[in-house]
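Participant: Residues 0 to 111 in numbering that gives the first Met the number 0 are what the sequence shown spells out, letter by letter.
Just so you know, these hints were derived from the structure itself, not from any lab. These numbers come from a predicted model, not from an experiment. Cβ atoms here follow ideal geometry from the backbone N, Cα and C, with glycine treated the same way. Worth double-checking, as some hints may not be accurate.
The calculated label-pair distances, taken between Cβ atoms and stated as ranges, are [what the hints assert, rightly or not]:
(1) Y40 / R67: 30 to 40 Å
(2) M82 / S2: 33 to 43 Å
(3) K66 / L91: 30 to 40 Å
(4) N89 / Y35: 15 to 25 Å
(5) V64 / Q33: 33 to 43 Å
(6) Y31 / D85: 18 to 28 Å
(7) S2 / L91: 44 to 54 Å
(8) A22 / Y62: 12 to 22 Å
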Amino acid sequence: MRSFLRKEFWDDRNKPILFIQWALTLFAIILYFQTYDSIDYFYSGILRLIAGIITLLIGIENYIVKKREYIFWFILTILFCGMGIDILMNSLSLIDNTHEYSLIRRISYHMV
0 MRSFLRKEFW DDRNKPILFI QWALTLFAII LYFQTYDSID YFYSGILRLI AGIITLLIGI
60 ENYIVKKREY IFWFILTILF CGMGIDILMN SLSLIDNTHE YSLIRRISYH MV
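Produce the complete structure using the sequences and hints provided.
Facilitator: Following this line, the structure appears as structure tokens:
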């Protein structure tokens, strides 16, 4: 059992890509626990982009090792990155709309 896990998760892997995946996973876990109780879509978008980058690295690694499942990982990358960009754009437009609303409110308050 131990040799299977070692072969699956260490021996047949590209080490630089593996370390980048671990660092991104650790960063995503820390970011999640820092923001899990707040309703902020910006961090949700960042987490989805990190997941997209991790799946892209898995796809690149599978392509280098010549596994056929790399196409699945590239499709998953497009989905995660698309969701992350969509959430980021929506959160940024919410910030702009809130700022614009408060600016209009302040101007109208001073005019009265």
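Participant: Give a verdict on every hint.
Facilitator: Each hint tested on the structure:
1. Separated by about 36 Å at the C-beta atoms, Y40 and R67 satisfy the suggested range of 30 to 40 Å.
2. Between M82 and S2 the beta carbons are some 38 Å apart, a value that agrees with the proposed interval 33 to 43 Å.
3. Checked against the given bound of 30 to 40 Å, the beta carbons of K66 and L91, roughly 37 Å apart, stay inside it.
4. Here the CB-CB span from N89 to Y35 is close to 19 Å, well matched to the stated 15 to 25 Å.
5. Under the hint 33 to 43 Å, the C-beta atoms of V64 and Q33, about 34 Å apart, fit the expected range.
6. A C-beta distance of roughly 19 Å is found between Y31 and D85, which places it inside the suggested range of 18 to 28 Å.
7. At about 49 Å, the beta-carbon gap between S2 and L91 stays in the expected band of 44 to 54 Å.
8. Evaluation of the 12 to 22 Å hint for A22 and Y62 yields a pass: the beta carbon distance comes to about 21 Å.
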